[in-house]
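Asker: Below are the chains, spelled out letter by letter.
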Amino acid sequence: MRGILVLVLLVAFGLPGAARSQQASGKKRRPLPPEYGRVVLSKQSEKGSVAPVSFDHWLHRAKYTCRLCHVDIGFAMAENGTGVKAADNASGLYCGSCHNGRRMDGGRKIFESCSSGRPTEQKTTCVRCHSVGKNVVPEVEFAAFTRGFPRGRFGNGVDWEAAETLGLIKPVDFLEGISVPRKSMAAQKDFALSPAQKGMPEIIFSHEKHTVWNGCELCHPEIFGAVKKGKEKYTMGEIFDGKYCGVCHVSVAFPMQDCQRCHTKPVQ
Amino acid sequence: MSRLQGVLLAVVFVLSAGSSGLFAWPRPALAQARADSFRKEFDEVCAKTADAMTLSTGELRTLVERSDRLVPLLQGLSEPERKVYAKRLLGCRNVYAFVLESRHEH
Numbered sequence: 001m002r003g004i005l006v007l008v009l010l011v012a013f014g015l016p017g018a019a020r021s022q023q024a025s026g027k028k029r030r031p032l033p034p035e036y037g038r039v040v041l042s043k044q045s046e047k048g049s050v051a052p053v054s055f056d057h058w059l060h061r062a063k064y065t066c067r068l069c070h071v072d073i074g075f076a077m078a079e080n081g082t083g084v085k086a087a088d089n090a091s092g093l094y095c096g097s098c099h100n101g102r103r104m105d106g107g108r109k110i111f112e113s114c115s116s117g118r119p120t121e122q123k124t125t126c127v128r129c130h131s132v133g134k135n136v137v138p139e140v141e142f143a144a145f146t147r148g149f150p151r152g153r154f155g156n157g158v159d160w161e162a163a164e165t166l167g168l169i170k171p172v173d174f175l176e177g178i179s180v181p182r183k184s185m186a187a188q189k190d191f192a193l194s195p196a197q198k199g200m201p202e203i204i205f206s207h208e209k210h211t212v213w214n215g216c217e218l219c220h221p222e223i224f225g226a227v228k229k230g231k232e233k234y235t236m237g238e239i240f241d242g243k244y245c246g247v248c249h250v251s252v253a254f255p256m257q258d259c260q261r262c263h264t265k266p267v268q
Numbered sequence: 269m270s271r272l273q274g275v276l277l278a279v280v281f282v283l284s285a286g287s288s289g290l291f292a293w294p295r296p297a298l299a300q301a302r303a304d305s306f307r308k309e310f311d312e313v314c315a316k317t318a319d320a321m322t323l324s325t326g327e328l329r330t331l332v333e334r335s336d337r338l339v340p341l342l343q344g345l346s347e348p349e350r351k352v353y354a355k356r357l358l359g360c361r362n363v364y365a366f367v368l369e370s371r372h373e374h
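Which chain is which? The protein sequence lines are A and B, in order.
Under my numbering, the first residue of the first sequence is numbered 1, with each subsequent residue one higher.
Under my numbering, the first residue of the second sequence is numbered 269, with each subsequent residue one higher.
Pulled out of the complex, with its shape left as it was, chain A reads as follows (with noise of 0.2 Å):
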């Protein structure tokens, strides 16, 4: 009986009180597979008086190379970054750039996104972006887009690379009308970096898994400036605040948590 009440006791006090702890210490929930990568763009929204925009990195990645949309489409690497508008879109940038209506993916036509010119009963469209605080049904389900990808540890728990590799997923990297016509790249050398910290596996960075998703100018220089190998000094403590590799691994690809991706070759 005494244990039946200090279990009702428990459960009425402690795990609300528990829940609170853990709110107040300000400890942040890591996000889940289908949330990883979301970025919520609020900056126009707001002050068009419609809902924010909640953007799937996931979706996008699969489809689109990296530098497709952040180099030739222009989007900012910093949420809230861009500041597209509805008017840019109808003009056929930024997001407008692919959800024009006419544009193709697989066979399906993309589609448009919202103006304020468009009739009310097209708008029901808007919500398929402007989601946050709604609730949508995506038309496309995290679980069932990556069933049978290659499994990743942490992030959206699918590693991506692989998934290039194997021919799992096929990123554009062009877009008529947007994009320049360039040649394939020559890819660059790996090459290793030594770890400041004694015993650690030294890190190998590849250009070849870098280029297939980001090109030149993605990267070089505005995230790694440094012209000479070795002149630079990058931190654990500054990637993990979101510079130079954490530009990227913190937020959209594989995140920092995942050490041995980088940390690859074993110590001498």
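List of simulated lysine-lysine pairs, DSSO-like, C-alpha gap at most 30 Å:
(1) Lys355/B to Lys43/A
(2) Lys228/A to Lys316/B
(3) Lys351/B to Lys43/A
(4) Lys316/B to Lys231/A
It should be emphasised that the hints constitute simulated quantities derived from the structure, not laboratory data.
Predicted model only: the values in this text are computed from it and were never measured.
Model the placement of chain B on the given structure of chain A, informed by the hints.
Answerer: The following block gives chain B in isolation, referenced to the frame of chain A:
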């Protein structure tokens, strides 16, 4: 409503519709020609970013100069386009400059 008010209302409606993207203002021929000429040169200049490492120092210098010459021509583009192309142009220019600088360092 007076006739003047009616006319004013119509003007305000047309102006707001044009700026909200309801319909696009026809671009004057000269502005269109400037934009086309900008894009042609931009496409040529930025087509070589993937080959930057294989270009000669002279070629890289020329591409940096051509990028710089394009900057004033950005003014000929309409506002959202100008913002996009300014960022893209800077990206191209900086890659060429980066490779040039790295050669100098080595």
